[in-house]
Amino acid sequence: MQVKEFKIKWGMVIDIDKCTGCGACMVGCQVENNIAPMTKKDPYNYVQALTWDRDDAANKLKVLTWLTVYELSNGAAFPNHETAYLPRPCMQCGNPACVPVCPVVATEKNEEGGIVSQIYPRCIGCRYCMAACPYHARYFNWWDPIWPEGMDKGLSPSVSVRPRGVVEKCNFCHSRYLDAKNKARQDGGDPMNLPDGAYNTACADICPTKAITFGDLNNPEHKVHELAKSKNAFRLLEKLGLAPQVYYMSEREWVRKQGDNYNADGGDHGAPSNSHG
Amino acid sequence: MSVARRAFIQMSVGATVGILFTPTVWTALDDVSIWTQNWPWIPKLTYGEAKSLPTVSKMCESGCAVKVRTVAGQAFGTEGNTDNLLSGGGICPLCANGVQVMNSPSRIKAPMLNGKEISWDDAKALVSEKLAAAGSNVAVISGDQTGTVNEVFSGLLVNQGSDAFYSMPSDLQKADKAWTDLMGGSGQIGYDMENADVVLLAGADALESWGPTVANKKAFASNENGTFIFAGPVQTRTASVTSKWVPVPAEGMAAFVLGITYYVLQAGKSVPAADFDQFKAMVMRGYTPAKVEAATGVKADVMAEIAKQLLSADSPVVVPGGSVAANTAAFALNLLLGGAMKVLPEFGKAVETAMTRSEMLKQDILKGVSADVLLVYEANPFYVLPEKIKAGFTVAFDSVNTETTAAADLVLPTPHSYERYDDLASPYGVAVATYSLGTPVSKPTLNVMNAADFVLGLTDLGFESFQEVLEAKVAAVGADIDELAEGSAYVLEESADVSGVTLAANVLGKAAIPVKGNGAVALAPYTLLNVGTANQATTPNAPSTISNNQLIGDNLVVMMASVTAKKLGVDVGSKVKLSGGNGECEALVQVFEGVLPGVVAAPLGMGHTVGDEFSKGKGDNVYKILTVSSEAAAGASTWAGSTVNVAKI
Chain U
1 MQVKEFKIKW
11 GMVIDIDKCT
21 GCGACMVGCQ
31 VENNIAPMTK
41 KDPYNYVQAL
51 TWDRDDAANK
61 LKVLTWLTVY
71 ELSNGAAFPN
81 HETAYLPRPC
91 MQCGNPACVP
101 VCPVVATEKN
111 EEGGIVSQIY
121 PRCIGCRYCM
131 AACPYHARYF
141 NWWDPIWPEG
151 MDKGLSPSVS
161 VRPRGVVEKC
171 NFCHSRYLDA
181 KNKARQDGGD
191 PMNLPDGAYN
201 TACADICPTK
211 AITFGDLNNP
221 EHKVHELAKS
231 KNAFRLLEKL
241 GLAPQVYYMS
251 EREWVRKQGD
261 NYNADGGDHG
271 APSNSHG
Chain V
1 MSVARRAFIQ
11 MSVGATVGIL
21 FTPTVWTALD
31 DVSIWTQNWP
41 WIPKLTYGEA
51 KSLPTVSKMC
61 ESGCAVKVRT
71 VAGQAFGTEG
81 NTDNLLSGGG
91 ICPLCANGVQ
101 VMNSPSRIKA
111 PMLNGKEISW
121 DDAKALVSEK
131 LAAAGSNVAV
141 ISGDQTGTVN
151 EVFSGLLVNQ
161 GSDAFYSMPS
171 DLQKADKAWT
181 DLMGGSGQIG
191 YDMENADVVL
201 LAGADALESW
211 GPTVANKKAF
221 ASNENGTFIF
231 AGPVQTRTAS
241 VTSKWVPVPA
251 EGMAAFVLGI
261 TYYVLQAGKS
271 VPAADFDQFK
281 AMVMRGYTPA
291 KVEAATGVKA
301 DVMAEIAKQL
311 LSADSPVVVP
321 GGSVAANTAA
331 FALNLLLGGA
341 MKVLPEFGKA
351 VETAMTRSEM
361 LKQDILKGVS
371 ADVLLVYEAN
381 PFYVLPEKIK
391 AGFTVAFDSV
401 NTETTAAADL
411 VLPTPHSYER
421 YDDLASPYGV
431 AVATYSLGTP
441 VSKPTLNVMN
451 AADFVLGLTD
461 LGFESFQEVL
471 EAKVAAVGAD
481 IDELAEGSAY
491 VLEESADVSG
501 VTLAANVLGK
511 AAIPVKGNGA
521 VALAPYTLLN
531 VGTANQATTP
541 NAPSTISNNQ
551 LIGDNLVVMM
561 ASVTAKKLGV
571 DVGSKVKLSG
581 GNGECEALVQ
591 VFEGVLPGVV
601 AAPLGMGHTV
611 GDEFSKGKGD
621 NVYKILTVSS
631 EAAAGASTWA
641 GSTVNVAKI
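Protein chains in written order, with the working numbering: chain U, 1 to 277; chain V, 1 to 649.
One or more of the hints may lead you astray.
What the hints assert, rightly or not - Label-pair restraints from in silico Cβ distances: (1) V:S128 / U:L50: 36 to 42 Å; (2) V:V491 / U:S175: 33 to 39 Å; (3) U:A77 / V:K116: 54 to 60 Å; (4) V:S495 / U:K223: 43 to 49 Å; (5) U:N59 / V:E117: 34 to 40 Å; (6) V:E49 / U:K223: 29 to 35 Å; (7) V:D122 / U:P43: 54 to 60 Å; (8) V:V17 / U:D55: 45 to 51 Å.
Unchecked claim - Result set (BS3-like, lysine-lysine): computed pairs, CA atoms no more than 25 Å apart in a straight line: (9) U:K41 / U:K62; (10) U:K153 / V:K443; (11) V:K269 / U:K41; (12) U:K40 / V:K109; (13) U:K153 / V:K616; (14) U:K183 / V:K51; (15) V:K577 / U:K153; (16) V:K577 / U:K41; (17) V:K510 / V:K577; (18) V:K616 / V:K116; (19) V:K244 / U:K231; (20) U:K231 / U:K257; (21) V:K44 / U:K40; (22) V:K109 / U:K153; (23) V:K390 / V:K116; (24) V:K308 / V:K269; (25) U:K181 / V:K51; (26) U:K210 / V:K51; (27) V:K443 / U:K41; (28) U:K257 / V:K244.
Simulated from the structure, these hints should not be mistaken for laboratory data.
Beta carbons: idealized from backbone N, C-alpha and C, even for Gly.
Kindly generate the complete structure, drawing on both the sequences and the hints.
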């Protein structure tokens, strides 16, 4: 499959040298996208005594973290040890591995902007896409989303809540894209030529160190256009040829090498040592 | 009527054929299969006008300047406030979950006396009676470092004839002790990290948990040419982005700073302090690089290199964390360097009889609190140091259930930050004096009352309501209330007077000597905001952000370098018992090479016994194994130098 090109290509450049791994982006993402907190008990399960508890957030295999912050280690012993944090949203690949494997066309890369969609009502939960995605950016909704009593009052109006049994993923806060285009239309602007910052994701907005920069990679007036070309920029697992629209930056060579799962020395430090998700 | 055999057979055959051809059965089966799989609760989204309303959030220690997103008047999310210099658009992970905490079922719904609901009038009558009986034997513990609510509480104490105002242990308190008590200064220390060209974070985990973290991160992000160096026993999240991590034991931080000071003095730097000569002699004699290296393990050439960087910088700054001695040493070094350390004036008071911020920090909670009546405001001392609190009658003001509300006799629910008037004056560490105002952006749904309003009903401070107090405060600050209500911060660029400040030479010489407990390994407690602070447990959406370096399942995780693990005979995943201080903790071992050998790093803020399912029973409470020791020379108590014994179980 060929890399799909668009006039507008929304992308991120994440400066790993600025990310402290605080987790604010992950919390902001959950709030924006109506991802329910993980609760063990289900108040609607009237036979709870006969069934297993649901998983709580301690089970990292079952959490819905569309954006996950991974902890990287250079693998060296004290005192030469170095550490770094890598936030991982959906890469919105130019040549996505998840799209061709979907048997029901629940995920597509067709819209101007290059965001890989996830159409929940079509999804049958087969999880082929999860198996195909090398970035582990897709999550299966194992449990009904249940907000503890009263917390369902504060749901984001822009994002529908998904039932259990479907695959979910980051969509660059797509409803914000729609809002930005609508606003441009109302204000007499061009929805196909949004100014830098008119459309921004929740994680980029909330980041206290502004490690995440978001914009149109094809638009020279957007900061990401230049940042993605900087000498320290790289993409994860670039050798797979999936052409992610998410770039990373680091002055540290070991970080850049791990980004492409560099294994030339046969060492064992290819994978992140620990992760949040 | 009789049914013949033939008729019965005809009817049975007809019914069978009918059932086979009718869609009803199959549709019903289909429906059953769908509806038995359907979720029992269908969430409904609210639609309407969307707004973004500015206020302040007091969930983290320093407080965040936020905007609360609402739809049809219903709050649903929190974002940063770009109009306020404390935020610049970012917020911390705790405040990012503010609305969810506000709507949490663990909120306290009504005043409770020993577990039974009572009316506000009865609560007021009861507290009035208790206060009258207690006379001056009344104490307050406040978990708020920046609010005018403290003026109201201290005004009550003054009217009772008491000076027992306690704050929870904080870096602000250590800095105040060093600056005002030992060095004779006035005002509050700040650090201009945005404009400094070399920033030495001497134990201050400034980009994760120390000081105004969001403002610090904003300064770090915009200071593209500055060099940041982190010194401390653990390669914290701050250290993951600084140019350099210098491993220094917590108890050796003061000596380490004086070791750097040695080179700075050698380069001829001086200040017109009365005790400069004594200070210089003390450092040049007692804190030579060789002596500091022997005491702390930090190589002399490392200190020499840092001193060189600081000396060649135009605007360097040393930001201390940890003991009073480390703060004193850092302030002395900053005065010598003449860089980006600032001294902020305190804003005027609203309540005339109230204590100043510095006066509120004088009592040492680690030495213990004893009173007939104890008022606790949004603090959790029964989680952090339960054995130090002795009270005849405890009143806890809080918005959510905690160990302290569980231990209190009377629990009085406060509105959440987003439901009340509040303010945020100069959080410790900011470079300039700032004042932000919080106004209610969401209607309270529970039977709550602002703690200050309750206290104003108990004692005469010249105000009817807290709103009036805040109006007086804004007038005393000299700000425009309308501009503040729109979310911008008032900034006062003035500096406090530093003439007459000494270098505390007579105290520092002794206070900076590293003192360690006698356990097998040193304990390096650390705070991560997503895990929680002393007063605020983790929030509903934060647990999925907690890494397996802090929590695996329900087990606390402690980190150590491989050499330490080998020495202790443990490995990754070993279950260990840590004993020290007043108790024990159970934990799993994680090997992390970013920990000084001989040190175990453990996260604070877990192991709650009261609270919601997101924090209760998760991990273990590391405060139990901290040892309170006396910084004898500095006249303060500290947790620095805590050690633990580690046993494999």
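The hints, checked one at a time:
Evaluation of the 36 to 42 Å hint for S128 of chain V and L50 of chain U yields a failure: the beta carbon distance comes to about 52 Å. Checking the proposed 33 to 39 Å range against V491 of chain V and S175 of chain U shows it holds: the Cβ atoms sit about 36 Å from each other. Range check, A77 of chain U to K116 of chain V: Cβ separation about 58 Å, and the 54 to 60 Å hint holds. At roughly 36 Å, the beta-carbon separation of S495 of chain V and K223 of chain U lies outside the given 43 to 49 Å, and the hint is violated.
A C-beta distance of roughly 37 Å is found between N59 of chain U and E117 of chain V, which places it inside the suggested range of 34 to 40 Å. In this structure the hint that E49 of chain V and K223 of chain U lie 29 to 35 Å apart at CB holds, the actual value being about 31 Å. Range check, D122 of chain V to P43 of chain U: Cβ separation about 33 Å, and the 54 to 60 Å hint is violated. Separation of V17 of chain V from D55 of chain U is about 49 Å and conforms to the stated range, judged on CB atoms against 45 to 51 Å.
With a C-alpha separation of about 15 Å, the suggested pairing of K41 of chain U with K62 of chain U holds against the 25 Å cut-off. Among the hinted pairs, K153 of chain U with K443 of chain V is consistent with the structure: their alpha-carbon atoms are about 13 Å apart, no more than 25 Å. About 64 Å separates the Cα atoms of K269 of chain V and K41 of chain U, which puts this hinted pair outside 25 Å; it is violated. Our distance criterion of 25 Å between C-alpha atoms is met by K40 of chain U and K109 of chain V, whose separation comes to about 23 Å.
For the proposed pair K153 of chain U and K616 of chain V, the alpha carbon gap of about 23 Å is at most 25 Å, so the pair holds. For the hint pairing K183 of chain U with K51 of chain V, the CA-to-CA distance comes to about 15 Å; that is within 25 Å, so the pair holds. Pair hint K577 of chain V plus K153 of chain U does not hold up; C-alpha atoms about 42 Å apart against a cutoff of 25 Å. Using a Cα cut-off of 25 Å, the hinted pair K577 of chain V and K41 of chain U is violated, with the two alpha carbons roughly 30 Å apart.
Between K510 of chain V and K577 of chain V the CA atoms are separated by roughly 34 Å; this puts the pair beyond 25 Å, and the hint is violated. Taking the CA atoms of K616 of chain V and K116 of chain V, the gap is near 23 Å; set against the 25 Å cutoff, the hint holds. Under the criterion of a C-alpha separation no larger than 25 Å, the hint pairing K244 of chain V with K231 of chain U is consistent with the structure, at around 22 Å. A hinted pair counts as satisfied when its Cα atoms are at most 25 Å apart, and K231 of chain U with K257 of chain U qualifies at roughly 14 Å.
Only pairs whose Cα atoms come within 25 Å are accepted, and K44 of chain V paired with K40 of chain U is accepted, the gap being roughly 22 Å. A threshold of 25 Å between alpha carbons decides the hint, and for K109 of chain V with K153 of chain U the separation of about 17 Å falls inside it, so the pair holds. In summary, the hint linking K390 of chain V to K116 of chain V is supported, as the alpha carbons are separated by about 23 Å, within the 25 Å threshold. Between the alpha carbons of K308 of chain V and K269 of chain V the distance comes to roughly 13 Å, so the proposed pair stays at or under 25 Å and holds.
The straight-line distance between the Cα atoms of K181 of chain U and K51 of chain V is roughly 18 Å, inside the 25 Å bound, and the hint therefore holds. A threshold of 25 Å between alpha carbons decides the hint, and for K210 of chain U with K51 of chain V the separation of about 23 Å falls inside it, so the pair holds. Restraint check for K443 of chain V and K41 of chain U: not satisfied, since their Cα atoms lie roughly 29 Å apart, outside the 25 Å limit. With a C-alpha separation of about 20 Å, the suggested pairing of K257 of chain U with K244 of chain V holds against the 25 Å cut-off.
In the structure shown, a violation is registered for the earlier hints numbered 1, 4, 7, 11, 15, 16, 17 and 27, in ascending order.
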